[in-house]
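> Listed in order, the protein sequences are those of chains A, B and C.
Counting with the working numbering, you get residues 1 to 115 for the letters of the first sequence.
Counting with the working numbering, you get residues 1 to 115 for the letters of the second sequence.
Counting with the working numbering, you get residues 1 to 115 for the letters of the third sequence.
It is worth saying that the hints were derived from the structure and are not from the lab.
Among the clues, some could well be false.
With a cut-off of at most 27 Å between alpha-carbon atoms, the simulated DSS-like pairs for lysine-lysine come out as follows [claimed, not checked]:
(1) A:98 <-> C:98
(2) C:98 <-> B:98
(3) A:98 <-> B:98
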Amino acid sequence: MTITRHDVRSFLSMAVVRGDTAYLSGHIARNGDTVAEQTEDILEQIDEVLASVGTDKSKLLTVNIWLTDVSTFHEMNEVYTAWIAPHEPPARATVEAKLALPNLLVEIMATAAIE
Amino acid sequence: MTITRHDVRSFLSMAVVRGDTAYLSGHIARNGDTVAEQTEDILEQIDEVLASVGTDKSKLLTVNIWLTDVSTFHEMNEVYTAWIAPHEPPARATVEAKLALPNLLVEIMATAAIE
Amino acid sequence: MTITRHDVRSFLSMAVVRGDTAYLSGHIARNGDTVAEQTEDILEQIDEVLASVGTDKSKLLTVNIWLTDVSTFHEMNEVYTAWIAPHEPPARATVEAKLALPNLLVEIMATAAIE
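So here's chain A without its partners, still in its complex pose (with noise of 0.2 Å):
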């Protein structure tokens, strides 16, 4: 079965698509100084990514979640169930790690149906 990269970089593909599955790799923000503006900007990038290779949210399968204090937990799950499709949320799991740079406060991973 096609292997396909999508926005590949130097060691890691941000997304990875196989047969009718897509792996998406961490996703941090560009931009925001907040939990939830950090959370939101993550979001948006994940919709892109999902729109582009042929998706969306409510076909998520599963969705790991850092965040570097996990006391901000509220914070991101406000931004987040307003962004889950209602009724079609993926299997979760959400636990506190440092992340590879001081400013990041919240980082994402995925992995989504197809079809």
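Chain A is fixed; fit chains B and C onto it per the hints.
Below, chains B and C without anything else, positioned relative to chain A:
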């Protein structure tokens, strides 16, 4: 391919089934004060979820475990090893991470084949 | 669909194969005192496991990397980037996490397509 969601909460589904694969959310304990007790409670929940989607622990593909204190690895692992189907353990990774609520000591996310 | 397990330990399989997908356990270094050395050793193990299930690093779908100190990101990433198949990198996420043993500096979990 149809996606079926089980035990849908406001922002996640406890399990998502697509084709012959089940994706489980990160499961946390409903009760238990120790890592051993919480692990037991989580594995009981996972048994229930797997049964509700028509599979069981002998068909687990991957398991991710987060411990708030990785020095409790052996305490968690003793309960896990007694539970796991002998000769049929899934791929697994266990790392330390602070979880969403301060009383949580362990969280487990899994994927399983259905047939 | 049959599940095949490779290098089965008491509580995990180093790899689980189902259909045309391989799920690898979190791999840790057998030796090495630095992040670069441990990363090299882990990637060598992953090459071996992938070969044993009939695939190779050009068919990796996802990679999750945990570093005990995320400030070693570049040291890990230099080894990783030299190793990864050019133009064919998988989706990836790298976060900080304490690992099961104090001498471990990096752990890598992966999934790969087999054909």
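> Determine for every hint whether it applies to the structure shown.
Results of checking the hints against the structure:
1. A:98 <-> C:98: Within the cut-off at roughly 11 Å; holds.
2. C:98 <-> B:98: holds (11 Å)
3. A:98 <-> B:98: It holds: about 11 Å lies between the C-alpha atoms, which stays within 27 Å.
Hint check: no violations occur; every hint is consistent with the structure.
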